[in-house]
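Chains as they are written, first to last, in my numbering: chain H, 293 to 750; chain D, 26 to 167.
Everything labelled a hint here was simulated from the structure, so no lab data went into it.
Please note: incorrect hints may appear among the correct ones.
[Unchecked claim] Computed from the model, here is a short list of chain D residues facing chain H with C-beta under 10 Å:
1. Ala36
2. Ser38
3. Val41
4. Ala45
5. Leu50
6. Ala53
7. Ile61
8. Leu111
9. His127
Glycine included, C-beta positions come from ideal geometry on N, C-alpha and C.
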Amino acid sequence: MRVPVPELLATLVLGAGFAAVGEAILRRSARSLADANEAMLVGMGVCAAALFPLTLLLPGKALLAEGFLLAAALAYAAGRRFLRKTDRPSGRPRRRLDPVTGLVLGGVALVAAGFAALNFRYTFFWDGMLIWATKAQLLSHAGSLTREWFPGDTYDLRHLAYPALVPLAESLLGLVRDGFAFDEVKPLFFLFYLSLLVGSYASVRHVLSSRAAAVTALLVCLVPEISTGSAAGGYADIPQAAAIAGVVAAALGGRRDALPWLIGTLTTVKSEGMIYAGVACGAIVLYEILERGARGLRRLASAQSAIGILAAFVVLRLAYVRWIDAPQEIYSGSLGSALARVPHVARLCAAEMFDPRHWGLFWPAFFASAAVLIAVGSSRERALVWSVAFGLVLLAVPFLFTTWPLELHVSQAYARISAQLVPAAAASIVLGYAKLRSRLVLEAPEPGDFRLPAGGRS
Amino acid sequence: MLQALGALVVAASAAVTVAAFAGDLRTAYAFAGPSIFKETERRQMAEVQAALTEDEVILVVARPEDHWHARLWQRGLYPRNPVAILIGGFSKESLRELRERHGIRRAVLIGPPEVEPAMIRRRELGTLSGLPARVAFGELAP
Chain H
293 MRVPVPELLA TLVLGAGFAA VGEAILRRSA RSLADANEAM LVGMGVCAAA
343 LFPLTLLLPG KALLAEGFLL AAALAYAAGR RFLRKTDRPS GRPRRRLDPV
393 TGLVLGGVAL VAAGFAALNF RYTFFWDGML IWATKAQLLS HAGSLTREWF
443 PGDTYDLRHL AYPALVPLAE SLLGLVRDGF AFDEVKPLFF LFYLSLLVGS
493 YASVRHVLSS RAAAVTALLV CLVPEISTGS AAGGYADIPQ AAAIAGVVAA
543 ALGGRRDALP WLIGTLTTVK SEGMIYAGVA CGAIVLYEIL ERGARGLRRL
593 ASAQSAIGIL AAFVVLRLAY VRWIDAPQEI YSGSLGSALA RVPHVARLCA
643 AEMFDPRHWG LFWPAFFASA AVLIAVGSSR ERALVWSVAF GLVLLAVPFL
693 FTTWPLELHV SQAYARISAQ LVPAAAASIV LGYAKLRSRL VLEAPEPGDF
743 RLPAGGRS
Chain D
26 MLQALGALVV AASAAVTVAA FAGDLRTAYA FAGPSIFKET ERRQMAEVQA
76 ALTEDEVILV VARPEDHWHA RLWQRGLYPR NPVAILIGGF SKESLRELRE
126 RHGIRRAVLI GPPEVEPAMI RRRELGTLSG LPARVAFGEL AP
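With the sequences and hints as input, model every part of the structure.
Laid out in structure tokens, this is it:
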């Protein structure tokens, strides 16, 4: 296996640039890997959303403007760290990991190495090449978003309306290197994969022990749809899953300043990101109702800045889709015919989800944990499992309207897109396990077991 | 009991992932190369581009089973030469309309395609890399 060192270094610089933009937005410096990942996701989302207005303001120069923005943010962050001692990584004493946690994290590293071996070796798969990298090629050539696809091709015009985060990152990598090349952007997906693992770990670490967090990351990477196949073929599902992991980490960690930006980032990765953003907002509303009743709703209504941030992302996304105005030929049909398809689609999707050859026992474990958390979990945990369950249902809805052969469409897409919810589902599994264990085991938990960290919430 | 169930979930995940990795690593290291464009395709594309003027739009006609390769040609020749694609059967009218709209004078045929547009000069470029499908390039009849 050739390790693409120059491309990996360029990817690292790009990730640092996005993190610097995120730090500037959140007005705080990252003090841990989880912080840096959160800032990177925020920076990516904002840059991707900003590409459309920049395209209108600076036709042909939007990509370059984004490059300058990243470089300036990076220089600012580096300068601030250099000048201010207080921004250096905190002097908290590093706690040693217990052997079991070390072993689990070793397993995570091994699977990540396996993903890297595939990602660096595989060239692009179908959507990775013909949608995402092609959008990056067009963006690199035009210098900004474009309404032009290839001559005479009306069916694939719809790809133009897909969100910009992945093509933007691929194009910026070309800007850092010596121009866009299909063969040089794959290492970027290793960054997204690491982001997914860090976000998954951070989500549970906010509320449980490092061992529980490590098991969460292990459960995530041990899903074949996450670590093999199209995930290593340059599809945008891993970036979308990484954004979801970031949202879950911020929600479970109570990071209110980052949460609206991260939910906004969901809308910039794939079209279904709008569904996830809606589900995330629904989960927040549910949490407030469960936690505070009507007072919670009033509290939400007073969070004008968060609502404004989310509205800006949604408006930009809708305006972009309207600007592209591409014909939609894949989904059509009446509500009546869609409703008639419900049992068939439900059966097909359930068959995909519960196929042990692809998922092992992942989804049965999620539903078992969901039952536990709905019965005895905290408001936050209930909101989490309801949002995963609701997300799984909503992801099946487009199949009710598909013009493709139904079985083919479901078998090609449902397992892959439902894998985007894996970080949230894995966190639910571990939280449910910990909750059940704390109920069943009356004696004091063993050292290093799934217990709450000091100051943690359940 | 609970620990055993937890271990079972992790073990089941590990088993399916090991199986998935085994298949993927075998495929990746047996078939994937360093580039999405194989050497043969690069040579064929270079040969075609040498005959085209800059920004000249070219047509690629292919069978449905060669869809992927037609799209690869489209991406491989861009941005110097935009590529219009016709897959499977097509009418004379749709070909004429496409040619008139984009000023297309030359075409690459992959397959051979189900319907071949008439050509006045034609050069064989060999087969697709590792596949029996043949690639030809030439000037379309007026």
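Quick rundown of the hints versus the structure:
no. : hint   : in the structure
1   : Ala36  : holds (8 Å)
2   : Ser38  : holds (4 Å)
3   : Val41  : holds (5 Å)
4   : Ala45  : holds (4 Å)
5   : Leu50  : holds (7 Å)
6   : Ala53  : holds (4 Å)
7   : Ile61  : holds (4 Å)
8   : Leu111 : holds (8 Å)
9   : His127 : holds (5 Å)
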